[in-house]
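Novice: Sequence:
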Amino acid sequence: MKEIVCNDNVVPDVVTFNVLFRGFCKDGMVKELLAYMSLMWKVCVPNDATYCTLIDVYCKIGDLDKGLRVFRDMRKGGVSPNLLVFTSLIDAYCKVGDLELAFNVYKDMSACSVLPKMVTYVALIDGFCKRGMLPKAERLFRKMLKDGVLPNSVVYTLMIDGYFKRGNVDRALKYLSEMLARGVRLDIVTYGALISGLCTRDKLKSAIEVKEHMVRNGLAPDNMIFTTLMRTYFKVGNLKAALDEYKELLAQGFEPDVVTLTTLVDGLSKHGHLDEAKKHFSKSKANEVEYSALINGMCKEGEFSQVEMLCNDMSEAGFVPDKYIYTSWIAGLCKQGDLVEAFRLKNKMVRNGITLDLLTYSSLIFGLTNKGLMIEAKQVFTDMLEKGITPDYVVYDILVRGYTKQNDTVSISLLQDEMTKRGLLEETTHVNIRRL
1 MKEIVCNDNV VPDVVTFNVL FRGFCKDGMV KELLAYMSLM WKVCVPNDAT YCTLIDVYCK
61 IGDLDKGLRV FRDMRKGGVS PNLLVFTSLI DAYCKVGDLE LAFNVYKDMS ACSVLPKMVT
121 YVALIDGFCK RGMLPKAERL FRKMLKDGVL PNSVVYTLMI DGYFKRGNVD RALKYLSEML
181 ARGVRLDIVT YGALISGLCT RDKLKSAIEV KEHMVRNGLA PDNMIFTTLM RTYFKVGNLK
241 AALDEYKELL AQGFEPDVVT LTTLVDGLSK HGHLDEAKKH FSKSKANEVE YSALINGMCK
301 EGEFSQVEML CNDMSEAGFV PDKYIYTSWI AGLCKQGDLV EAFRLKNKMV RNGITLDLLT
361 YSSLIFGLTN KGLMIEAKQV FTDMLEKGIT PDYVVYDILV RGYTKQNDTV SISLLQDEMT
421 KRGLLEETTH VNIRRL
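The sequence shown begins at 1 in the UniProt record's numbering and counts up by one.
One or more of the hints may lead you astray.
Below, a list of computed lysine to aspartate or glutamate pairs in the EDC-like style, where the Cα atoms sit at most 20 Å apart [stated by the list, open to error]:
1. Lys66 x Asp98
2. Lys279 x Asp322
3. Lys136 x Glu178
4. Lys283 x Asp257
5. Lys335 x Glu316
6. Lys146 x Asp187
7. Lys323 x Asp357
8. Lys278 x Glu288
9. Lys387 x Glu376
10. Lys270 x Asp202
Computed spacing ranges between beta-carbons, pair by pair [as the list claims (entries may be wrong)]:
11. Val189 x Thr355: 33 to 41 Å
12. Lys143 x Lys247: 42 to 50 Å
13. Gly218 x Asp170: 25 to 33 Å
14. Lys66 x Asn152: 26 to 34 Å
15. Gly302 x Gln252: 46 to 54 Å
16. Gly78 x Met118: 26 to 34 Å
17. Asn223 x Arg185: 20 to 28 Å
If you're looking for bench data, these hints aren't it; they were derived computationally from the structure. Ideal Cβ positions, reconstructed from N, Cα and C, are used throughout, including at glycine.
Full structure from sequences and hints, please.
Specialist: This is the structure in structure tokens:
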């Protein structure tokens with residue numbers, strides 16, 4: 001092509017270039033497209049199709065500054081942007097979270113006499129819903145109806161999912177009712193959003209009814225739906241039902257993905273079925289959450305030698321043990337009375353730049369008070385305060401218990417004064433004073 005451009009006898013026109021550019025786009029050859037685009041400027045003037053292609057490419061590769069620059073050049077050159085140009089820019093700005101610019105581009109459509117279509121509304125409504133801007137999403141939804149664009153399952157699903165995530169179950173179900181009244185068929189994504197939203201809002205019974213409705217309508221649940229129900233059953237303590245969902249998932253021919261396996265390992269570990277959790281743990285598929293879940297279960301069972309080995313495996317897999325893992329480990333060691341190892345881990349956290357939180361300090365204070373080491377416990381408590389961490393009633397409860405065992409009424413009185421200043425005395429008094 002470069003040879004053709006350089007040949008004085010054969011000069012390609014804009015149509016030829018546009019055909020070439022469409023081929024580059026189809027094959028994902030963005031670098032080649034941009035290189036030949038610079039050649040085109042030397043031999044011919046771009047038309048609307050050229051501008052559309054270039055803007056779409058810049059939007060897809062995330063170079064919105066250049067995309068907007070081309071858009072402005074296009075307007076200055078008297079070339080009218082079409083629906084593809086506007087929608088490409090709107091979608092790109094929504095994806096990077098710049099809803100204001102996206103909406104400004106949408107408003108420019110009217111000035112150019114370009115009517116927004118479903119794909120335009122979907123991009124904007126999706127952007128507003130993902131950022132919790134439901135009132136704006138709803139106004140746009142109503143504007144879409146006013147303009148004669150009938151919403152499809154994608155738009156309804158966005159609104160349903162958006163309201164569920166904001167905790168407005170009634171509003172989410174209102175859109176479901178409207179969707180059904182308009183005869184819009186629920187698809188797998190809509191059912192997934194409904195089940196996820198209901199489970200998140202502790203409406204498991206309703207979620208199960210939605211799943212049954214889905215099956216009656218000839219749609220099979222997907223991996224995500226099974227996993228959502230598994231997680232919720234584990235959360236409410238129904239281990240059998242959670243495992244039944246997992247068995248059904250396998251029976252449907254699904255390969256458990258990392259999210260499903262993490263949910264399974266986490267649920268089994270938290271319910272004391274550590275051996276079963278280990279059977280489902282896969283180093284090749286495990287992510288940080290799955291490692292954390294299994295390590296937490298091992299810490300609760302006191303399997304600290306295996307915890308260390310698993311932490312090493314985790315590091316080799318490219319994951320860094322975080323504050324949650326160290327705190328679980330320290331809490332387990334403190335409950336077993338192994339304070340030497342607990343403080344070794346605490347020092348390791350500090351060396352690795354991991355900040356201790358309230359739970360870490362609480363665990364250390366618990367371990368020390370359990371051994372009657374109240375001076376050391378008070379030192380850790382003071383260190384916690386110096387780090388700017390505000391104690392809760394649990395920490396005071398631990399200290400009061402420790403001082404009570406030693407009949408140290410002076411220290412208890414001082415703690416109660418602190419609790420009064422922090423507004424914790426009444427809450428803690430109900431828990432502790434009866435025990436004094």
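Novice: Going through the earlier hints one by one, which of them does the structure break, listed in rising order?
Specialist: 2, 5, 6 and 15
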